[in-house]
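*Asks:* Sequence:
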Amino acid sequence: MRSRCIDAAGCRVNQASSKLGNGPTAREPRIHRGPGRFVAGVLLALAPWAPLPAAPTPAPLFSDHAVLQRGKPAPVWGTAKPGEPITVRYGAAVASTLTDAEGRWRVVLPPLPPTPSSDLVIEGETKLLIRDVAAGDVWLLSGQSNMEWPLGKTVGADSKAGAALRPWLRQLKMPHRVSSQPETDFDARWTPCTPSTAPAFSALGFEFVQALYRDGSIPVGLLNLSYGGTIIEAWIGPEGLAHARSGAAVHERWAEVLRQYPTAEAAWRRDVAAWQSQREVSAPVAGGRTHAAPRPPVGPGHVTQISGLFHGMIAPVQPAALAGVLWYQGESNVGRPDEYADLLTALITDWRRGFHAPSLPFFVVQLPNYRDRVHAWWQVRQAQDRVAATLPGVHLAVAIDLGDARDKHPRDKSELGRRLALLARRHVFAEAVDAEPPRVQSAHREGQGVVLTFPASTSALQLRAATRDGVSFELAGPDGHFQRADVRLEGPAVIVSSPAVRDPVSLRYLCHNDPEPRLYTGEGLPIAPFALAVSAGDSTR
Numbered sequence: 006m007r008s009r010c011i012d013a014a015g016c017r018v019n020q021a022s023s024k025l026g027n028g029p030t031a032r033e034p035r036i037h038r039g040p041g042r043f044v045a046g047v048l049l050a051l052a053p054w055a056p057l058p059a060a061p062t063p064a065p066l067f068s069d070h071a072v073l074q075r076g077k078p079a080p081v082w083g084t085a086k087p088g089e090p091i092t093v094r095y096g097a098a099v100a101s102t103l104t105d106a107e108g109r110w111r112v113v114l115p116p117l118p119p120t121p122s123s124d125l126v127i128e129g130e131t132k133l134l135i136r137d138v139a140a141g142d143v144w145l146l147s148g149q150s151n152m153e154w155p156l157g158k159t160v161g162a163d164s165k166a167g168a169a170l171r172p173w174l175r176q177l178k179m180p181h182r183v184s185s186q187p188e189t190d191f192d193a194r195w196t197p198c199t200p201s202t203a204p205a206f207s208a209l210g211f212e213f214v215q216a217l218y219r220d221g222s223i224p225v226g227l228l229n230l231s232y233g234g235t236i237i238e239a240w241i242g243p244e245g246l247a248h249a250r251s252g253a254a255v256h257e258r259w260a261e262v263l264r265q266y267p268t269a270e271a272a273w274r275r276d277v278a279a280w281q282s283q284r285e286v287s288a289p290v291a292g293g294r295t296h297a298a299p300r301p302p303v304g305p306g307h308v309t310q311i312s313g314l315f316h317g318m319i320a321p322v323q324p325a326a327l328a329g330v331l332w333y334q335g336e337s338n339v340g341r342p343d344e345y346a347d348l349l350t351a352l353i354t355d356w357r358r359g360f361h362a363p364s365l366p367f368f369v370v371q372l373p374n375y376r377d378r379v380h381a382w383w384q385v386r387q388a389q390d391r392v393a394a395t396l397p398g399v400h401l402a403v404a405i406d407l408g409d410a411r412d413k414h415p416r417d418k419s420e421l422g423r424r425l426a427l428l429a430r431r432h433v434f435a436e437a438v439d440a441e442p443p444r445v446q447s448a449h450r451e452g453q454g455v456v457l458t459f460p461a462s463t464s465a466l467q468l469r470a471a472t473r474d475g476v477s478f479e480l481a482g483p484d485g486h487f488q489r490a491d492v493r494l495e496g497p498a499v500i501v502s503s504p505a506v507r508d509p510v511s512l513r514y515l516c517h518n519d520p521e522p523r524l525y526t527g528e529g530l531p532i533a534p535f536a537l538a539v540s541a542g543d544s545t546r
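Position one of the sequence shown corresponds to residue 6 (the working numbering), numbered consecutively onward.
If you're looking for bench data, these hints aren't it; they were derived computationally from the structure. Honestly, I wouldn't trust all of these hints.
Claimed, not checked - Derived SDA-like pairs (lysine to any residue); straight-line CA-CA distance at most 20 Å: (1) K178 with A205; (2) K77 with V113; (3) K86 with T189; (4) K77 with F360; (5) K413 with Q384; (6) K158 with G234; (7) K77 with T131; (8) K86 with A59; (9) K158 with K413; (10) K158 with H414; (11) K158 with K86; (12) K413 with G475; (13) K178 with D220; (14) K413 with T196; (15) K158 with D409; (16) K158 with T196; (17) K158 with E420; (18) K178 with A193; (19) K77 with R358; (20) K77 with R430; (21) K158 with E188; (22) K178 with E188; (23) K158 with T199; (24) K178 with V308; (25) K413 with G161.
Claimed, not checked - Using C-beta positions, here's what the derived DEER-type ranges look like: (26) P87 with S164: 52 to 58 Å; (27) R473 with R109: 56 to 62 Å; (28) P497 with A435: 23 to 29 Å; (29) H380 with A465: 35 to 41 Å; (30) P324 with D220: 29 to 35 Å; (31) S164 with H380: 34 to 40 Å; (32) A498 with D220: 41 to 47 Å; (33) E257 with H380: 28 to 34 Å; (34) A541 with D163: 56 to 62 Å; (35) H307 with R219: 38 to 44 Å; (36) A541 with G233: 44 to 50 Å; (37) R250 with Q186: 22 to 28 Å; (38) L537 with P118: 44 to 50 Å; (39) A394 with P87: 32 to 38 Å.
Quick reminder that beta carbons are idealized off the backbone N, C-alpha and C, glycines included.
Construct the complete structure from the given sequences, taking the supplied hints into account.
*Replies:* Below, the structure written as structure tokens:
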């Protein structure tokens, strides 16, 4: 952080210069020559170069190029001496407080107008100037690798990065960190978006901003708190897990890990010693190629430690003011899909509590298609959909048609960024746009077919032709065995039927890991996967 410290009298203090004679110019002190006063005079002469009171220390979130959330009360916090008066200024906004007994302070600035750049001034016994601070929209990005995936590894990365001179867009990329206790400090700073820095930006965050903010009139900050290969339990704080129905099972699994850890660690150390010995013998013969080192066992400090990522990566930025949260995670929880809806609800509730924002918008990316022959990705999608349907302020970005059946990391994030931007336009900025596909209201029998009912406001639906042998619609009779079904549009009606199911009682759509989406809105948004019972209707027609 490049900042300038100013002492309480208004004299500039160059903190980088500590050698005698390099201090700031000051009024020459008078040296008394009388007996017994010479030493005191010398000490007074040296006073301009004596250590000055330390400047208040803000949390690392508040560094040069930071973005403060506009339009909402904006907390700013840090440390100083116990009992020290602290005043924070940003433009015309001012807030003051006293540090507590441990030297902690926090003020809340009144809602700020959009501001491209100004100084954030923090004054205690000395002043600290934090340069080029903007007021705009701050979006928290979190989850695992598909959220962390950098722009430099996506389709068209070179051209996008080359044109990315957007100083009004900044990213703070939090280092990966697991902790057993809530952290307050971290080693990261805000980075403005330029052709050289853009490749390290979250690709999805970049595409989201590209679709949502066109002219740069509103500064944007991306808090990139993502970590590839992580489970949702690690992102939830202890209080959130304590209130989750699945919390007991989560704690029991972790307790078993800790119980087995000493034995596993001892075995790992033996394996590492054997690996090192083998490498010393075989490397010269094999041209330097050896087996990879044994992986350490799961245990304390491991990325799967419950609440470990919450403590290490989320706690340090709470309670910052935010525009909303983009969450893209679930791939690492496909082995336990029955817990996911409960844990996602716990995470959202827990984060809203920590950010002091009970209605903080959450935009959840539903897992895309992927050909996993072991785990049920489609059941995690169902869990994500249930949370979005039941928890206020949570909205789903449907991505069922945006995956790569052979790669967990789709390389083109542009369309998903557009869909997330539509959600923000509708649910944050209150624009009258179709942001998400309609939900099926009911399914009823008509003859041997099933008619799907959508809300009356639904625009004309589109049925796309099948392009591969993927499963779309399915029907099941009383025996519960689902069979592939045909689908057709008759005006606004969607009719599903199967010659193999004469008495349909259940219908489902895209309930497979790698299905084939076919039903879309007129705006090109895919209807989300669903499953529902079929009502009797009229079976005589």
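*Asks:* For each hint, tell me whether it holds in the structure or not.
*Replies:* Right, here's what the structure says about each hint:
For the hint pairing K178 with A205, the CA-to-CA distance comes to about 9 Å; that is within 20 Å, so the pair holds. Annotation: proposed proximity of K77 to V113 holds, straight-line Cα distance about 10 Å (limit 20 Å). Of the supplied pair hints, the one linking K86 and T189 holds, its CA atoms being roughly 17 Å apart against a limit of 20 Å. For the suggested pair K77 and F360, the alpha carbons sit about 12 Å apart, so the restraint of at most 20 Å is met.
Proximity of K413 to Q384 is assessed by CA-CA distance (about 16 Å); at most 20 Å being required, the pair is judged to hold. For a cut-off of 20 Å, the pair hint linking K158 to G234 stands: about 17 Å separates their Cα positions. For the hint pairing K77 with T131, the CA-to-CA distance comes to about 28 Å; that exceeds 20 Å, so the pair is violated. Under the criterion of a C-alpha separation no larger than 20 Å, the hint pairing K86 with A59 is consistent with the structure, at around 9 Å.
With a CA separation close to 14 Å, the supplied pair K158 and K413 stays within the 20 Å bound. Our distance criterion of 20 Å between C-alpha atoms is met by K158 and H414, whose separation comes to about 10 Å. Proposed proximity of K158 and K86 is contradicted: the alpha carbons are some 46 Å apart, above 20 Å. The hinted pair formed by K413 and G475 meets the criterion: a straight-line CA distance of about 18 Å does not exceed 20 Å.
Restraint check: the Cα-Cα separation between K178 and D220 comes to about 24 Å, which exceeds 20 Å; the hinted pair is violated. The suggested pairing of K413 with T196 is violated, with an alpha-carbon distance near 28 Å, which exceeds 20 Å. With a CA separation close to 15 Å, the supplied pair K158 and D409 stays within the 20 Å bound. For the hint linking K158 to T196, the alpha-carbon distance of about 19 Å falls within 20 Å, and the restraint holds.
At roughly 16 Å between alpha-carbon atoms, K158 and E420 fall within 20 Å of each other, so this suggested pair holds. Distance hint between K178 and A193 is fulfilled; the C-alpha atoms sit about 7 Å from each other, no more than 20 Å. Taking the CA atoms of K77 and R358, the gap is about 16 Å. The hint holds against a cut of 20 Å. As the CA atoms of K77 and R430 are separated by approximately 18 Å, the hinted pair is consistent with the 20 Å bound.
Between the alpha carbons of K158 and E188 the distance comes to roughly 31 Å, so the proposed pair goes past 20 Å and is violated. This hinted pair checks out: K178 and E188 have alpha carbons roughly 16 Å apart, not beyond 20 Å. Note on K158 and T199: the hinted pairing holds, with a Cα-Cα distance of about 16 Å set against a maximum of 20 Å. The hinted pair formed by K178 and V308 meets the criterion: a straight-line CA distance of about 17 Å does not exceed 20 Å.
For the hint pairing K413 with G161, the CA-to-CA distance comes to about 19 Å; that is within 20 Å, so the pair holds. Checked against the given bound of 52 to 58 Å, the beta carbons of P87 and S164, roughly 54 Å apart, stay inside it. At about 58 Å, the beta-carbon gap between R473 and R109 stays in the expected band of 56 to 62 Å. Distance hint for P497 and A435: a CB-CB separation of about 28 Å, consistent with the stated range 23 to 29 Å.
Hint check: H380 to A465, Cβ distance near 36 Å, so the stated range 35 to 41 Å holds. Between P324 and D220, the C-beta spacing of about 30 Å keeps the proposed range 29 to 35 Å intact. Between S164 and H380 the Cβ separation comes to about 36 Å, which falls inside the hinted range of 34 to 40 Å. Between A498 and D220 the beta carbons are some 43 Å apart, a value that agrees with the proposed interval 41 to 47 Å.
The supplied range of 28 to 34 Å is broken by E257 and H380, whose beta-carbon atoms lie about 21 Å from each other. A C-beta distance of roughly 58 Å is found between A541 and D163, which places it inside the suggested range of 56 to 62 Å. Hint check: H307 to R219, Cβ distance near 43 Å, so the stated range 38 to 44 Å holds. A hinted range of 44 to 50 Å for the beta carbons of A541 and G233 is consistent with their spacing of about 49 Å.
Between R250 and Q186 the beta carbons are some 26 Å apart, a value that agrees with the proposed interval 22 to 28 Å. Between L537 and P118 the CB atoms are about 47 Å apart, so this pair conforms to the stated range of 44 to 50 Å. The supplied range of 32 to 38 Å is broken by A394 and P87, whose beta-carbon atoms lie about 49 Å from each other.
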